[in-house]
Amino acid sequence: MNVNEYVVVENIDQAYQLFNQNKKNQIIAGGAWLKLSVKEVNKLISLDDLSLNYIKTNDKSVEIGALTSLREVEMNDVVNEIDHGILSTAISQIMGVSIRNLATIGGSIMGRFSFSDIIPVLLVLDCQLYFHNRGEMTINEFITSKGLDRDILTYIKINKSTGQSYFKKISHTALDFSMLNVAITFDGSFRIAIGSQPGMAMLCEQTMAFLNQQNDISEDVIEQAVSIALTELKLSSNIRASKAYREVLAKTYIKRGLRQVIK
Amino acid sequence: MKIKITINEKDKIFEVEPSEYLLDVLRRNNYTSVRRGCDNTSCGVCTVLLDDKPVPSCSLLALKANGHRITTVEGIQEEAHKIGLYFGNEGADQCGYCNPSMALTVYSLKLENPKANEQEIKEYLVGNLCRCTGYVAQHEAIKKYLGDQS
Numbered sequence: 001m002n003v004n005e006y007v008v009v010e011n012i013d014q015a016y017q018l019f020n021q022n023k024k025n026q027i028i029a030g031g032a033w034l035k036l037s038v039k040e041v042n043k044l045i046s047l048d049d050l051s052l053n054y055i056k057t058n059d060k061s062v063e064i065g066a067l068t069s070l071r072e073v074e075m076n077d078v079v080n081e082i083d084h085g086i087l088s089t090a091i092s093q094i095m096g097v098s099i100r101n102l103a104t105i106g107g108s109i110m111g112r113f114s115f116s117d118i119i120p121v122l123l124v125l126d127c128q129l130y131f132h133n134r135g136e137m138t139i140n141e142f143i144t145s146k147g148l149d150r151d152i153l154t155y156i157k158i159n160k161s162t163g164q165s166y167f168k169k170i171s172h173t174a175l176d177f178s179m180l181n182v183a184i185t186f187d188g189s190f191r192i193a194i195g196s197q198p199g200m201a202m203l204c205e206q207t208m209a210f211l212n213q214q215n216d217i218s219e220d221v222i223e224q225a226v227s228i229a230l231t232e233l234k235l236s237s238n239i240r241a242s243k244a245y246r247e248v249l250a251k252t253y254i255k256r257g258l259r260q261v262i263k
Numbered sequence: 001m002k003i004k005i006t007i008n009e010k011d012k013i014f015e016v017e018p019s020e021y022l023l024d025v026l027r028r029n030n031y032t033s034v035r036r037g038c039d040n041t042s043c044g045v046c047t048v049l050l051d052d053k054p055v056p057s058c059s060l061l062a063l064k065a066n067g068h069r070i071t072t073v074e075g076i077q078e079e080a081h082k083i084g085l086y087f088g089n090e091g092a093d094q095c096g097y098c099n100p101s102m103a104l105t106v107y108s109l110k111l112e113n114p115k116a117n118e119q120e121i122k123e124y125l126v127g128n129l130c131r132c133t134g135y136v137a138q139h140e141a142i143k144k145y146l147g148d149q150s
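Protein chains in written order, with the numbering used here: chain A, 1 to 263; chain B, 1 to 150.
Only chain B is shown next, with the shape it has when bound in the complex (with noise of 0.2 Å):
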């Protein structure tokens, strides 16, 4: 089946199987920086933006992206420069497997809640799983982004 879906502001039109799921279809046209974990929904490497909302790409059949738009880290290019600047001045990643997904989740904060404080942000950042730093450091790096956007 064909579906259509804007990617990066980019109108794509891929041939998928019925049981694919948008990670699959993700990788295999080359968006290699969204990362494929646990394969499960636990980890959140996986995450992109449906219609500017995270979701595990993992586990998002790839038929019901259809028709929507979905950013992957290259969509939001100034954007994670600036959040990789804080995570790198607070020391809060090491092997860089889950920064694109980082990215896109603390980018989808600052739209969802700017000015969300220490619990907000440890709340919102659950799902994204990151096994080197133990999160103080990102934690830290992502409360002076927010400041410093607002």
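Chain A on its own, in the form it takes in the complex (with noise of 0.2 Å):
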């Protein structure tokens, strides 16, 4: 990688104006895969100076700033208590507690990475994101969308929902990125996400509404609701895993999933 300058901003207005100025302008984060994803940056944009380092907490909500880190969220006592914890539970099981001290909430997002296991249980939580010029939006509107990535992210809200949660992460060892990772919730009604298809995660919005039509979860409903995700999701191969393997775990733990939240 190479940086030909290095720019701590005073205010959010010159980040976003820098960030604007030159499509080789980056905003670093936490910078822990900053290594792999980037090769030639004009000037390089920190954040450390905006206080953007922060967890609030109200009685609906919890306010992350973007550049707490994982490890912070992980940790906090508030968000452990969202959906029985799935998101500290996604956290928890991304490599080590050093690359967690450096990386984001705010560059995890941000780096639209397929391979996140942050982002599916996000999804199922229907986190609001916050952007210096766009304003709000659902992280869900934010990958579906194109042409957002020249914004700033600020800040995220998650809601504190008390529902039941499910995650599960599949990889080789735990250093390794997932070959499929799965969440959802349930609150009363179902949301589901998929992660490493190996493309970018999403909700099963056919699968969902399937399921919260139905009055009873029974066996048969739950191998219905499972052939539906398989229609739905974009499975395909990579080195890491076959379509085929793919669709096996997909179908294991959506189902194992589904059992958990309804218990």
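FYI, nobody ran anything at the bench for these hints, they're computed from the structure.
C-beta atoms are modelled at their ideal positions from N, C-alpha and C, and glycine is treated no differently.
Careful, some of the hints might be misleading.
What the hints assert, rightly or not - Now the in silico label distances, taken between C-beta atoms and shown as ranges:
id, chain 1, residue 1, chain 2, residue 2, range
1, B, Gly-147, A, Glu-81, 27 to 35 Å
2, A, Gln-206, B, Gly-147, 52 to 60 Å
3, B, Asn-30, A, Asn-2, 24 to 32 Å
4, A, Glu-247, B, Lys-122, 29 to 37 Å
5, A, Lys-263, B, Cys-95, 43 to 51 Å
6, B, Gly-147, A, Lys-160, 34 to 42 Å
7, B, Gln-119, A, Asn-11, 21 to 29 Å
8, A, Lys-263, B, Gln-119, 18 to 26 Å
9, B, Thr-32, A, Arg-112, 36 to 44 Å
10, A, Glu-141, B, Lys-115, 41 to 49 Å
11, A, Val-7, B, Thr-6, 21 to 29 Å
12, B, Lys-122, A, Asn-11, 14 to 22 Å
Stated by the list, open to error - Below 27 Å or equal to it, Euclidean Cα-Cα: the simulated BS3-like pairs (lysine-lysine) are:
id, chain 1, residue 1, chain 2, residue 2
13, B, Lys-53, A, Lys-35
14, B, Lys-2, A, Lys-39
15, B, Lys-12, B, Lys-53
16, B, Lys-2, A, Lys-24
17, A, Lys-43, B, Lys-2
18, A, Lys-35, B, Lys-110
19, A, Lys-157, B, Lys-53
20, B, Lys-110, A, Lys-43
Dock the two chains into a complex; use the hints.
Laid out in structure tokens, this is it:
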């Protein structure tokens, strides 16, 4: 990676202006994946002096500054109570503690990493993102839209839901990226997201709609839900797993997840 | 660009390039206990403490460390010696390449969770690879070390 200049901005307007001056200007959050994702940078823009490292809570929601480290999010008591701690559980399975001290929640979202274990969880939690220019949008709107990458994420908000949850990361070792990951929440209605397809994580909208119309979640209904999920998912092969294997994984773990959240 | 870092409680000023990682700057300035391994955050041998928290120095831009405290194994000599004795007693090391990063991570675990149980020890050490030992003896050594401190 080659960086021409490193700029620590004094305010968010300055950061936004610089970021949009040149397509080769980049924002740096924790920088954990910078080596893997960027080759040539004109100006690397640091937000370190903008106090974006915080976790605030009120009765209804938790607000997390974009530069809060994954480890701080993982260890936060309030985050740990949201839907049985699904976000903390997912973060705790990302490589080692040292990388989680470096990587930030904002960087993990803005990187749009298809291997992300966090994005599927934020999808089922219906997380709100707050951008400097465009304002508020859901994470689902963000990952399904194009052309939103030149804005600056300042914080995210998650409702303090207390439903049931299930998260499964399937990988060869703790240090590997997922072959597939499955996130499910249930608080009267179901939300299901699958990541590492290997493409970008997605909500299983049709499966959710089907399940949310049912009065009783029987084994037969679960089987039908899994069939719908397999038709709407975009599973394919890459170096980590074949499409056929991913189908088996999706089938197995969506079933297990649904059984767990309705217990 | 110049950065000011407090390394092992001593203030230092280094001239760095915008693309340089902390690992390169430390090794260039003779902090050679900070090892280079995978160079992509996977192995943990480059671990240093940034404001008392373990981070992979191979993936921390040097400029981001500006104004912060960095601790290498030389900064926790007494504790590292103690940890080394526990490792030695359990036969928990061979080549020693990962020892400085292991000692720093174990020290950090002690600060964060002095009563860590076996599972918590394993989870905390996930990011520190050792190609010699197979980990069983290391986990035993760490368990005994933490147990004797509390």
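Here is how each hint holds up against the structure:
1. For the pair B/Gly-147 and A/Glu-81, the supplied restraint of 27 to 35 Å holds, since their beta-carbon distance comes to about 30 Å.
2. For A/Gln-206 paired with B/Gly-147, a C-beta distance near 53 Å keeps the hint of 52 to 60 Å intact.
3. At roughly 26 Å, the beta carbons of B/Asn-30 and A/Asn-2 sit within the given window of 24 to 32 Å.
4. Take A/Glu-247 and B/Lys-122: their Cβ atoms lie about 32 Å apart, and the range 29 to 37 Å holds.
5. Distance hint for A/Lys-263 and B/Cys-95: a CB-CB separation of about 48 Å, consistent with the stated range 43 to 51 Å.
6. Look at B/Gly-147 against A/Lys-160: about 37 Å separates their beta carbons, and that is inside 34 to 42 Å.
7. Judged by the Cβ atoms, the range 21 to 29 Å given for B/Gln-119 and A/Asn-11 is violated: they are separated by roughly 44 Å.
8. The hinted range of 18 to 26 Å is satisfied by A/Lys-263 and B/Gln-119, whose Cβ atoms lie roughly 23 Å apart.
9. A hinted range of 36 to 44 Å for the beta carbons of B/Thr-32 and A/Arg-112 is consistent with their spacing of about 38 Å.
10. A hinted range of 41 to 49 Å holds for the C-beta pair A/Glu-141 and B/Lys-115, which are about 44 Å apart.
11. In this structure the hint that A/Val-7 and B/Thr-6 lie 21 to 29 Å apart at CB holds, the actual value being about 23 Å.
12. Remark: the range hint 14 to 22 Å for B/Lys-122 to A/Asn-11 is contradicted by a beta-carbon distance near 44 Å.
13. At roughly 21 Å between alpha-carbon atoms, B/Lys-53 and A/Lys-35 fall within 27 Å of each other, so this suggested pair holds.
14. At roughly 23 Å between alpha-carbon atoms, B/Lys-2 and A/Lys-39 fall within 27 Å of each other, so this suggested pair holds.
15. For the suggested pair B/Lys-12 and B/Lys-53, the alpha carbons sit about 19 Å apart, so the restraint of at most 27 Å is met.
16. Using a Cα cut-off of 27 Å, the hinted pair B/Lys-2 and A/Lys-24 holds, with the two alpha carbons roughly 24 Å apart.
17. For the proposed pair A/Lys-43 and B/Lys-2, the alpha carbon gap of about 17 Å is at most 27 Å, so the pair holds.
18. Between A/Lys-35 and B/Lys-110 the CA atoms are separated by roughly 31 Å; this puts the pair beyond 27 Å, and the hint is violated.
19. Using a Cα cut-off of 27 Å, the hinted pair A/Lys-157 and B/Lys-53 holds, with the two alpha carbons roughly 26 Å apart.
20. Simply put, B/Lys-110 and A/Lys-43 have alpha-carbon atoms about 39 Å apart, too far for the 27 Å limit, and the pair is violated.
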